[in-house]
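These protein sequence lines are chains A and B, in that order.
Quick note on UniProt numbering: the first sequence kicks off at 1 and runs consecutively.
Quick note on UniProt numbering: the second sequence kicks off at 1 and runs consecutively.
These are calculated hints, taken from the structure and not from any lab test.
The beta-carbon is built from N, C-alpha and C at its ideal position, and this holds for glycine as well.
No false leads were slipped in.
Computed, partial: chain B to chain A, Cβ under 7 Å: (1) Lys23; (2) Arg30; (3) Leu31; (4) Ala34; (5) Lys35; (6) Ser41; (7) Leu45; (8) Arg48; (9) Gln53; (10) Tyr57; (11) Tyr60; (12) Leu61; (13) Asp236.
Single-letter residue listing:
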Amino acid sequence: MKVNSIKEIFRENFWGLFVVFILAILGILNQWIIAETTSILWKNLFWHLVGLISLIFLAFLIDYRKIPFNIVWYSYLVLILILLILFFLKKRWIDFGFISFQPSEFIKPILVLLISLIASKEPNPYLKLKTLAKLILIILIPLILIFPTDVDYAFIMVIMFISFLIFIGIPRKILFSLIFIGLLVIFLVSPIIWKNLKPHQKGRIYGYLHPEKYAQTWSYQLNQSLIAIGSGGLWGQGIKGGWSTRLHYLPAKYTDLAFAVWAETWGFIGVNLVLFLYGYLLYFCIKISSTAKDWLGKYLALGVGLILFWQALFNLGGCSGIFPMTSIPFPFLSYGGSVTISLYFLLSLMFNVAFKRHFFK
Amino acid sequence: MKRVNENEIFIRDFFKTKQKILKGLFWEKRLFWAKVLIIFSFIILWLRFFHLQVVKYSYYLKKAKERSVISYVIRAPRGEIITSDGVVVATNRAVFQLYLDPELIKDKEDEILYKLSKILGEEFGSLKERYYLAKKTFLGRVLIKRNLSWDEVAKIMVRRYYLPGVKVEVESERFYPYGEIYFHLLGYISKITLEEYKKLREEGYSMEDYIGKIGIERAFEKILKGKNGVIEIERDAYGRLGKVINRVAPIPGEDLIITVNHSLQVKAYELLKDKKGAIVALSPQDGSILAMVSTPSIDPQKFIDGFTQEEWRRINSSPDKPFLNRALQAYPPGSTYKIITAIAGLKAGVINSVNNSFFCPGYFKLGARVFRCWEAKGHGNVNFIKAIAYSCDVYFYTLASKLDIDYLAEISKEWGLGKTTGLGWSEEKEGFVPNRAWKEKTFKEPWYQGETVVMGIGQGYLLTTPLQMARVYMAIGNGGYLYKPYIVKKIKSLNGNITNIDPQIEKKLNLDPQHLEWIREGLSEVVEIGTGRAAFVPGVNVAGKTGTAQVVSLAMKKIKALEHHAWFVSYAGMSSPQIVSAILIEHGGHGGSAAAPLARELYKNYFGIKEPEIAITETNE
Numbered sequence: 001m002k003v004n005s006i007k008e009i010f011r012e013n014f015w016g017l018f019v020v021f022i023l024a025i026l027g028i029l030n031q032w033i034i035a036e037t038t039s040i041l042w043k044n045l046f047w048h049l050v051g052l053i054s055l056i057f058l059a060f061l062i063d064y065r066k067i068p069f070n071i072v073w074y075s076y077l078v079l080i081l082i083l084l085i086l087f088f089l090k091k092r093w094i095d096f097g098f099i100s101f102q103p104s105e106f107i108k109p110i111l112v113l114l115i116s117l118i119a120s121k122e123p124n125p126y127l128k129l130k131t132l133a134k135l136i137l138i139i140l141i142p143l144i145l146i147f148p149t150d151v152d153y154a155f156i157m158v159i160m161f162i163s164f165l166i167f168i169g170i171p172r173k174i175l176f177s178l179i180f181i182g183l184l185v186i187f188l189v190s191p192i193i194w195k196n197l198k199p200h201q202k203g204r205i206y207g208y209l210h211p212e213k214y215a216q217t218w219s220y221q222l223n224q225s226l227i228a229i230g231s232g233g234l235w236g237q238g239i240k241g242g243w244s245t246r247l248h249y250l251p252a253k254y255t256d257l258a259f260a261v262w263a264e265t266w267g268f269i270g271v272n273l274v275l276f277l278y279g280y281l282l283y284f285c286i287k288i289s290s291t292a293k294d295w296l297g298k299y300l301a302l303g304v305g306l307i308l309f310w311q312a313l314f315n316l317g318g319c320s321g322i323f324p325m326t327s328i329p330f331p332f333l334s335y336g337g338s339v340t341i342s343l344y345f346l347l348s349l350m351f352n353v354a355f356k357r358h359f360f361k
Numbered sequence: 001m002k003r004v005n006e007n008e009i010f011i012r013d014f015f016k017t018k019q020k021i022l023k024g025l026f027w028e029k030r031l032f033w034a035k036v037l038i039i040f041s042f043i044i045l046w047l048r049f050f051h052l053q054v055v056k057y058s059y060y061l062k063k064a065k066e067r068s069v070i071s072y073v074i075r076a077p078r079g080e081i082i083t084s085d086g087v088v089v090a091t092n093r094a095v096f097q098l099y100l101d102p103e104l105i106k107d108k109e110d111e112i113l114y115k116l117s118k119i120l121g122e123e124f125g126s127l128k129e130r131y132y133l134a135k136k137t138f139l140g141r142v143l144i145k146r147n148l149s150w151d152e153v154a155k156i157m158v159r160r161y162y163l164p165g166v167k168v169e170v171e172s173e174r175f176y177p178y179g180e181i182y183f184h185l186l187g188y189i190s191k192i193t194l195e196e197y198k199k200l201r202e203e204g205y206s207m208e209d210y211i212g213k214i215g216i217e218r219a220f221e222k223i224l225k226g227k228n229g230v231i232e233i234e235r236d237a238y239g240r241l242g243k244v245i246n247r248v249a250p251i252p253g254e255d256l257i258i259t260v261n262h263s264l265q266v267k268a269y270e271l272l273k274d275k276k277g278a279i280v281a282l283s284p285q286d287g288s289i290l291a292m293v294s295t296p297s298i299d300p301q302k303f304i305d306g307f308t309q310e311e312w313r314r315i316n317s318s319p320d321k322p323f324l325n326r327a328l329q330a331y332p333p334g335s336t337y338k339i340i341t342a343i344a345g346l347k348a349g350v351i352n353s354v355n356n357s358f359f360c361p362g363y364f365k366l367g368a369r370v371f372r373c374w375e376a377k378g379h380g381n382v383n384f385i386k387a388i389a390y391s392c393d394v395y396f397y398t399l400a401s402k403l404d405i406d407y408l409a410e411i412s413k414e415w416g417l418g419k420t421t422g423l424g425w426s427e428e429k430e431g432f433v434p435n436r437a438w439k440e441k442t443f444k445e446p447w448y449q450g451e452t453v454v455m456g457i458g459q460g461y462l463l464t465t466p467l468q469m470a471r472v473y474m475a476i477g478n479g480g481y482l483y484k485p486y487i488v489k490k491i492k493s494l495n496g497n498i499t500n501i502d503p504q505i506e507k508k509l510n511l512d513p514q515h516l517e518w519i520r521e522g523l524s525e526v527v528e529i530g531t532g533r534a535a536f537v538p539g540v541n542v543a544g545k546t547g548t549a550q551v552v553s554l555a556m557k558k559i560k561a562l563e564h565h566a567w568f569v570s571y572a573g574m575s576s577p578q579i580v581s582a583i584l585i586e587h588g589g590h591g592g593s594a595a596a597p598l599a600r601e602l603y604k605n606y607f608g609i610k611e612p613e614i615a616i617t618e619t620n621e
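Can you make the complete structure from the sequences, with help from the hints?
Below, the structure written as structure tokens:
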């Protein structure tokens, strides 16, 4: 019975795991293509290995149904505390010298867990007003804290988690009134926000609206990104052959524009490969959400899927000029310790749901 | 109590179950919308990347290349031009050029320019002005100084590290060793203009190229030019140059061997030096050009070394128009045209014997109009030979008065007047031969026979170029073969292959040998006893015709600038004619005194005859 179910688990989740594994390899490969010094390459390899091992470890050994609520709650509070300190220090990072740690990245897995835990206690198709208010509060507190230091991230996380709540179930009347209030607030507050935006943030908007006009200034990054992607063509310029990457024309090529490097190197074929693999991963999350046998599992799997989706959408949309450029890394391909660890943590939650499906009575 | 509780539990359970079922259904519906959201977004992304990478690939590749590859043009050395006696008259020399790349010195232009001004010993202000001016007009690198000395090169090279963006390059540059002597013949080269560049970009011209203007340099531009090479070097975002990704060696232009006789050309220039006019000498055997000089001239080297502002202003505003190649400009031919009138008269049968003579009282009357002979007291009775020898106007007035204008025009055109000679140079003028239809169209007036009479002595509306007149006398000298004049006889390619260019004959004129003999006799008499005695060379048979073309009315004769144009067109040879020449002196006065002596000097040089200077008796016409 047990051997059979392990076989069954493996058979069902093979493609999901395989895709993650391939994406991890593509990520390592991409950083190798970008790398000018080996140090970032080794660090990146290290984070991916740590991530993959902890993914396997967490997915197999821990049961999401038995995660104590208190631990999640306390880690949430600790994170809030750290963010509060950073808020007053006006910093984004905690620097340990050899590595730096970005607490805002860890909001994502903790919030997904916390929201799912709270919401899954209610059997209703729509959340009760009280619970909804509580969840919105839980979401908003950390986002308000990171807002001054990292507007992009705060903005995207609002979209991530509000969309998550909408899928979990906000009663229609409240949803519409929320949207109405939201629009009203945006309408009233945006001039104030616009005034308080830093020049580089304003510039991104200008650059997005008129990429050719500000080619040398605000949309330099976008322009270089477009050239890199476009000049990749159908087949790409080959490994370490891309002009944009090799000749330092692409800014932030390790992180935000890592996908532009990929597109330049492998061309439209390579872009299709990543889009396909990534799309499959998202499909896999939704499938797990559909087949999970309890609400906590269903919520967790969808939450992870949504986070991965928005993150990819804003990164790809940013570097290809559909959306304004935001400093959001692309999962797997971009470099970053906290980003990678947080990504594998999210994946381990989703795979945990997938694996534990067979252990329901 | 208990029953109620059980009921309540049952009801609660029922509602709970109902909620759960509902929630399950709702969830699947929401997952469906999640899928729609994801698929929709991915399709948008896919389309966007398809657009960028497939549809606009070439656009972005071009942008990427413009940004990250810098290409340097290696100019092909221009082909040399060598005369038939082996003198190199246009060549190339290696020079050091100092370039500055504005891209590489964006923020420190003044600093670098200041350092350079110290090294070159130039004033900082003027160097800076020159740099900014050049930067505006030319794309890419800016030429700061030409033709550096070894000393300057050494000074710059040792400081190279402190002078980013400064480049010293060895380039081949055009060199004309004989300067003004060959200006109109060779032409010159100058930097390509923006309009020319736009037109010629497809043919591989670069912004830094030179292009041939006038003369051989323009007519044979394609052969002389060669093909530019290029070096493409990667340049990174900080302006550092990386590896060479493409290198195409230049293909040098091909050498031209021209038909010109160098010593004759030098002599011709010496003869014309302080005058305003042209000499063109042809070989009657094949129509090849032996010499072609026009004065005043310009040193073509100046177009490379640069003019001072004063020089440039003078050249461009000079009333002498030194850019004009006078050998190819159209002038009234004067008496040199009488040969054509004579031929027309002979052909039409107006005269059928050398002894047909007319009486010249010094004037000719047609109706109420009186036409004067240049010899006011008259020539008395003149026959055909004498008429040519003394250039008797009355004889040719009479002849022309018996001819129809359209017939005369037809004969003129048959002899190559009124159209270009086939040399193929765009600066060549067609000249002009009037006829009845033209007169009626232009002036809405009929043609008067008096105008035919005037045309009979080469005046009136008629215009010919010295080259056209030389050709007319060439055909008389060689028995009626009207060759196309040509100047390049061989093209020598890089690997030593020689392409010969054969002379081309335009037509063989249909001439009665008897008529030809009479005309030749007349032309010989011109030099023996007539108006062209100043062209006499002992031991050489010179035959030709003087011409004095009136350009103004008699009343204004006093002003020097409006003197007559002096012509002398002739052929010469030991037994048969070996050289034909047309000499024109603008406002030079009489052909016999101003042009004929030059022919004498020219032929003496050509046939290598040395003789003590003898006083030449002045003649009028």
